[in-house]
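Trainee: Given next are the chains, with one letter for each unit.
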Amino acid sequence: MKKLINSPENVVREELEGLQLAHADRLRVSFDPFYVVRRDAPVKGKVGLLSGGGSGHEPLHGGFVGPGMLDAACPGHVFTSPTPDQMFEAGKAIHSGTGVLQIVKNYTGDVMNFDLAAEMLREEGIAVESVLTDDDVAVEDSLYTAGRRGVGLTVLMEKLLGAAAQKGMPLDQLKALGDKIRASGRSMGMALTPCTVPHLGKPSFELAENEMEVGIGIHGEPGRKRMPLTSADQITEMLMEPVISDLPFRKGDQVILFVNGMGGTPLIELYIVYRKAAEIAARHGLTISRNLVGSYITSLEMAGASITMLRADDALLDLWDAPVNTPALRWGA
Amino acid sequence: MDHLTPALARSWILSTARLIEQNAQHLSDLDAAIGDGDHGANMSRGFQAVAKKLEGDAKADDLGALFKVTGMTLLSTVGGASGPLYGGFFLDLGKQCASRAALDAKDLADVLDSGLADIQRRGKAQPGDKTMVDALAPAIAAMRAAGDDIVTATRAAADAARNAATATAPLLARKGRASYLGERSIGHEDPGANSVALLLDALASATGA
Chain A
0 MKKLINSPEN
10 VVREELEGLQ
20 LAHADRLRVS
30 FDPFYVVRRD
40 APVKGKVGLL
50 SGGGSGHEPL
60 HGGFVGPGML
70 DAACPGHVFT
80 SPTPDQMFEA
90 GKAIHSGTGV
100 LQIVKNYTGD
110 VMNFDLAAEM
120 LREEGIAVES
130 VLTDDDVAVE
140 DSLYTAGRRG
150 VGLTVLMEKL
160 LGAAAQKGMP
170 LDQLKALGDK
180 IRASGRSMGM
190 ALTPCTVPHL
200 GKPSFELAEN
210 EMEVGIGIHG
220 EPGRKRMPLT
230 SADQITEMLM
240 EPVISDLPFR
250 KGDQVILFVN
260 GMGGTPLIEL
270 YIVYRKAAEI
280 AARHGLTISR
290 NLVGSYITSL
300 EMAGASITML
310 RADDALLDLW
320 DAPVNTPALR
330 WGA
Chain E
0 MDHLTPALAR
10 SWILSTARLI
20 EQNAQHLSDL
30 DAAIGDGDHG
40 ANMSRGFQAV
50 AKKLEGDAKA
60 DDLGALFKVT
70 GMTLLSTVGG
80 ASGPLYGGFF
90 LDLGKQCASR
100 AALDAKDLAD
110 VLDSGLADIQ
120 RRGKAQPGDK
130 TMVDALAPAI
140 AAMRAAGDDI
150 VTATRAAADA
160 ARNAATATAP
170 LLARKGRASY
180 LGERSIGHED
190 PGANSVALLL
200 DALASATGA
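Chains as they are written, first to last, in numbering that gives the first Met the number 0: chain A, 0 to 332; chain E, 0 to 208.
Be aware that one or more of the hints could be misleading.
As the list claims (entries may be wrong) - Capping the alpha-carbon separation at 35 Å, the derived lysine-lysine pairs in DSBU-like fashion look like this: (1) E:Lys94 / A:Lys201; (2) A:Lys179 / E:Lys94; (3) A:Lys91 / E:Lys105; (4) A:Lys275 / A:Lys224; (5) A:Lys224 / E:Lys51; (6) E:Lys94 / E:Lys52; (7) A:Lys91 / E:Lys52; (8) A:Lys43 / A:Lys174; (9) E:Lys123 / E:Lys94; (10) E:Lys94 / A:Lys1; (11) A:Lys2 / E:Lys51; (12) A:Lys275 / A:Lys179; (13) E:Lys123 / E:Lys52; (14) E:Lys94 / A:Lys2; (15) E:Lys123 / A:Lys174; (16) A:Lys250 / A:Lys224.
Bear in mind the hints are in silico, worked out from the structure with no lab data behind them.
Remember, predicted model here, so these are calculated numbers, not experimental data.
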């Protein structure tokens with residue numbers, strides 16, 4: 000294992016110390032328990048937006064704390080869900096009287112820990128709702144699996160709900176908007192290399208030099224299919240087609256297209272993917288109204304990419320364009 | 000011997016912490032094959048925190064308090080799915096044991112059954128889904144079948160859990176991250192069923208010592 004760390008045990012703590020030092024103007028960090036919170040929390044009259052998940056996906060979620068996006072984020076250990084005490088304390092810190100909305104990626108551990116936290120917060124008299132993301136089309140959604148994983152759509156969800164909450168939207172409407180976004184977005188990812196969890200010290204799966212893994216998640220778990228490596232254009236087809244046909248996206252739809260890097264893939268390659276994705280979207284009669292290209296939901300140093308598409312009406316596009324001022328996403332502010 | 004006393008229960012938890020520590024790498028290796036490879040590290044971190052807490056707290060004269068502190072500590076230190084599942088399990092044991100001085104073999108099976116129900120409610124898992132349930136359910140059945148002697152009963156439970164954990168290998172995972180693998184989950188033992196086997200092995204060691 001070759002990593003720029005001091006010791007595997009202190010990876011999350013030291014990252015949070017750096018995050019706090021670098022962005023003290025916008026956020027502060029609690030170290031017992033771990034959570035990242037807007038410096039000006041609780042913001043009066045605004046529903047508190049709370050998310051979190053295992054570490055290793057940076058900038059998700061801590062990098063999205065700030066005006067126009069999240070009020071707080073709870074980081075777990077690398078690739079491990081945070082614990083209920085974190086969300087409980089963070090929820091109390093951001094509650095200004097109008098309730099808390101949790102944004103939860105659909106993983107068994109995350110769902111159970113956030114559910115427990117919601118129970119604890121409600122016992123304190125705080126209104127809590129939760130929105131799930133489960134956009135990964137690589138996973139069969141059936142009674143016989145844990146359901147689809149939450150991946151790239153989570154970034155768009157946090158931005159859009161963050162904007163809506165900032166405009167003063169009440170809790171029940173935020174929940175309904177979140178459910179609508181959940182139903183309108185789909186993703187698929189692939190990996191060129193595995194990644195190494197610091198405290199494990201070895202790659203989570205093996206991939207030969209000429210192989211790729213299609214349908215990977217964001218926790219170093221293997222995907223659905225191992226295949227010989229092919230060109231960026233062909234890989235982009237392999238990701239776009241299932242995304243388009245699953246929802247399905249239809250001719251005339253306006254979309255937000257998000258090409259995401261898994262952590263170890265340079266922007267030069269992401270733009271090669273975007274180029275082809277845009278061509279495929281056009282071929283299907285889709286209008287890319289907005290886009291996002293970059294590494295925003297990662298899997299440590301894994302090389303690879305994912306594509307997320309969200310069907311967006313003008314109201315959603317307005318929320319997308321609203322000012323956001325976080326360490327990792329900033330415009331208009 | 001015919002009862003699980005608070006002193007034995009304490010020794011059960013501490014013995015679990017030792018066994019989990021010794022087998023952490025094995026649990027993580029099992030998890031790496033069909034999950035994300037952190038089950039051993041997470042369980043080890045949690046049970047070490049529990050051991051530390053118990054060692055700093057000499058009051059072991061109350062089963063309810065002992066299981067409650069174990070559950071709360073696991074809940075806030077393990078993370079993942081195992082945190083709520085194991086934490087909730089011990090919290091439930093704590094509730095069942097409130098105001099009970101000791102458990103005989105039948106009480107113990109009843110209490111574990113209630114804990115199993117809590118795990119199934121939270122995890123929505125059925126027997127055969129390739130989860131903790133597949134080791135815990137047959138262990139409790141074996142405990143009931145073994146009769147009134149708690150040493151024999153807990154040893155029977157430990158053996159049944161071990162065999163059942165091994166028998167999860169041919170199952171298709173239907174819950175948790177392993178379920179994403181579909182057919183590729185077949186051929187690997189479930190890490191959660193294996194940590195349950197360690198938990199019951201520790202119970203047998205504690206009562207048999």
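Trainee: Under the constraints set out in the numbered hints, which ones does this structure not fulfil?
Mentor: 1, 2, 3, 5, 10 and 14
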